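Participant: Sequence:
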Amino acid sequence: MLPDVFFPRRAAVAVLALFSLTLPAQASEDPFRDVRNEFMLAYARVSQPGAPAAADTEDLRTYPLYPYLQAARLRQALKSAGPSSDSVDERAATFLAYYDDEPVARSLRRTWLESLADRNRWDLFLTHYRDASVGDALRCRSFEARIATGRTEGLATDIAAQWLTPQSLPECDVAFSWLRTQNQLTPALIEQRARLALTKGTTAFARQIIAQLPAGKAAPLQQWAGILDSPQRGIDALIGSPQTPVDPQALLAGWSQLARKDRIGAISRFNALVKARKLDEAAASPYALALAVPLARDRDAAALGYFDKVRAGDFDETGHEWHVRAALWAEDWPRVADAIAAMPAEQRQVARWRYWAARAAEAQHERALAEQLYDSVIADDNYYSAMASARLDRPAKPHPERVVEDKVLLREIGQLPSFVRTRELLRANLRREAFAEWQYGFDALDAAKRPQMIHLAASWGWFDQAVATATQLRVFNDYTLLYPQPYDREVRAAAKLTDVDPDLIYGVMRQESLYRADAVSSAGAYGLLQLIPATARSTAQRWKRPRPSTSDLLVPSTSVTLGAGQLRMLLDRFGGQTAVALAGYNAGPGAATRWLPQSAIDPDIWIENIPYNETRAYVQRVLWHSIVFAWLRSGDGQRTEGWLARIGSPEDPTQVGTL
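All residue numbers for the sequence shown refer to this note's numbering, where the first residue is 656 and numbers rise by one.
No lab work stands behind these hints, which were simulated from the structure alone. Just so it is clear, the structure is predicted and the values come from calculations on it, not from any experiment. There is no bait here: all hints are sound.
When the alpha-carbon atoms are kept at most 30 Å apart in a straight line, the in silico BS3-like pairs for lysine-lysine are as follows:
no.: 1; residue 1: Lys-930; residue 2: Lys-964
no.: 2; residue 1: Lys-1151; residue 2: Lys-1052
no.: 3; residue 1: Lys-872; residue 2: Lys-855
no.: 4; residue 1: Lys-916; residue 2: Lys-933
no.: 5; residue 1: Lys-1199; residue 2: Lys-1151
no.: 6; residue 1: Lys-872; residue 2: Lys-933
no.: 7; residue 1: Lys-1062; residue 2: Lys-1104
no.: 8; residue 1: Lys-1062; residue 2: Lys-1052
no.: 9; residue 1: Lys-933; residue 2: Lys-855
no.: 10; residue 1: Lys-930; residue 2: Lys-916
no.: 11; residue 1: Lys-930; residue 2: Lys-855
Based on the provided sequences and hints, a complete structural model is requested.
Facilitator: Next comes the structure, spelled out in structure tokens:
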């Protein structure tokens, strides 16, 4: 039976926090340990209907997380609520009135609104509905509520705005049907939604919407969907039948799809398409760009010829970037300089393109300009600054900027109710709820106090949140704070076993998991070094280690050992070329093998031309992380001239360097 809603005195948190200052050292570190265990047992029982429930003790009822237990019980009760479950509804309403917009109320509010909608309790639903705090599904139910209660003023406009979404939204079927009965679902609105779906590439859904149009309006959109579904056949048909009309946006979308899927096929059709559709140089320019970028990603020399066909005004940010990369791969330094100069000022001023402008100047014997640009990059503290240091034959040394710790202020912040709850939620393994409480407390703080939050998260060992908060505040260079080394014993043991640099292991760990031992990715990678179970098992076999389960990969010693073992295997496979090994760690060894050049090339050019944006950034960041960790350990600038060793095929020892 659901207990009466009980609201702990808000002062209790502050009293307990102050009381903790007078406890012995061990107790003050975790004053809620015993009651937290009681909370966790009670919380677990909520999801086990029929499990015997113990009476809540006074300690539990005054525990900072007790409202989370109440909310969980209310959510469970709502799952079985009948059409007129007044008691549960009253308790939910009372709870939400008391906690209002606090994080503990958010999930309950959604659950209750969904329950009210399912039970057609529309008046109560609308009383407690808040548009700003819901997603599309509940917004659609709010339209249904307004229809049911006759509150339809302005409703057609609201539903029409919701209609314009490029994916299916079945929760809005009732609302969309009502809009149609009001003769407000016009052909123009239907066409707009179909075009949104086609632009997003969701052709199956687009066809469902197109079917609602008159034949004359549907035909060009059906043609567009057909071109996207089968771009080669669609483009060939339009080349073969020059008089067939086609929406220009559909033609370019289909052509872009073909260029991404079949570069060679697109090359063989480009001139024929231009001729058949009577495209002048201006009209052909976007088609050239759509082909040039995929060719550049493939490191195909033909890319430069198609970039030549692109008008300056048609280059977007991606086009500019890959134009430079294609010129780099060809080692055409005058073109590199010109392509960077053609970028918008904001784009060319980032460290990446200043570095490459310096490389182009150096290659063209403009040494003074090159040194000036390299110097400007060194101050930025990143992969490019370390590369610039190597080019100038200087040690790479980070430029730390400390966030001064205010211990008094930090203690005050840590005792605020939201952060007391945050830490308890972390200790109770309720990380999602902990993040919501953290953000709620963060938003309520004065801007001047917020940097202390980085220290607070780090002091709790919540390193991923410390880094996330620092990034939110644009704090990047407090290396002592943002580059902790919490698994030093495991890292050193793995480094000794595998002969992999411990700073490189830490660099991979920081990039892969931000020190979260329990990290699980959407791709199914586990642990500190984010290993796929199959990879972990094969690595364990190679290193004569026990076959790990997925839960084993959440154990730091196992994850670090096997991750370092996998790194060693990749380093050996790629002839000690660290950059290639890191690319293989992120994208898979097969991809890294495909990306190896036919003849040796400068490592910065090879890294810049990694076709996957994620992998390119990954390699660059891990290399920089390793520099920071080495500097933290030694206090000395790090020599990076080894980063200039050319990258080539490991089968040819004369090509292989060590980066």
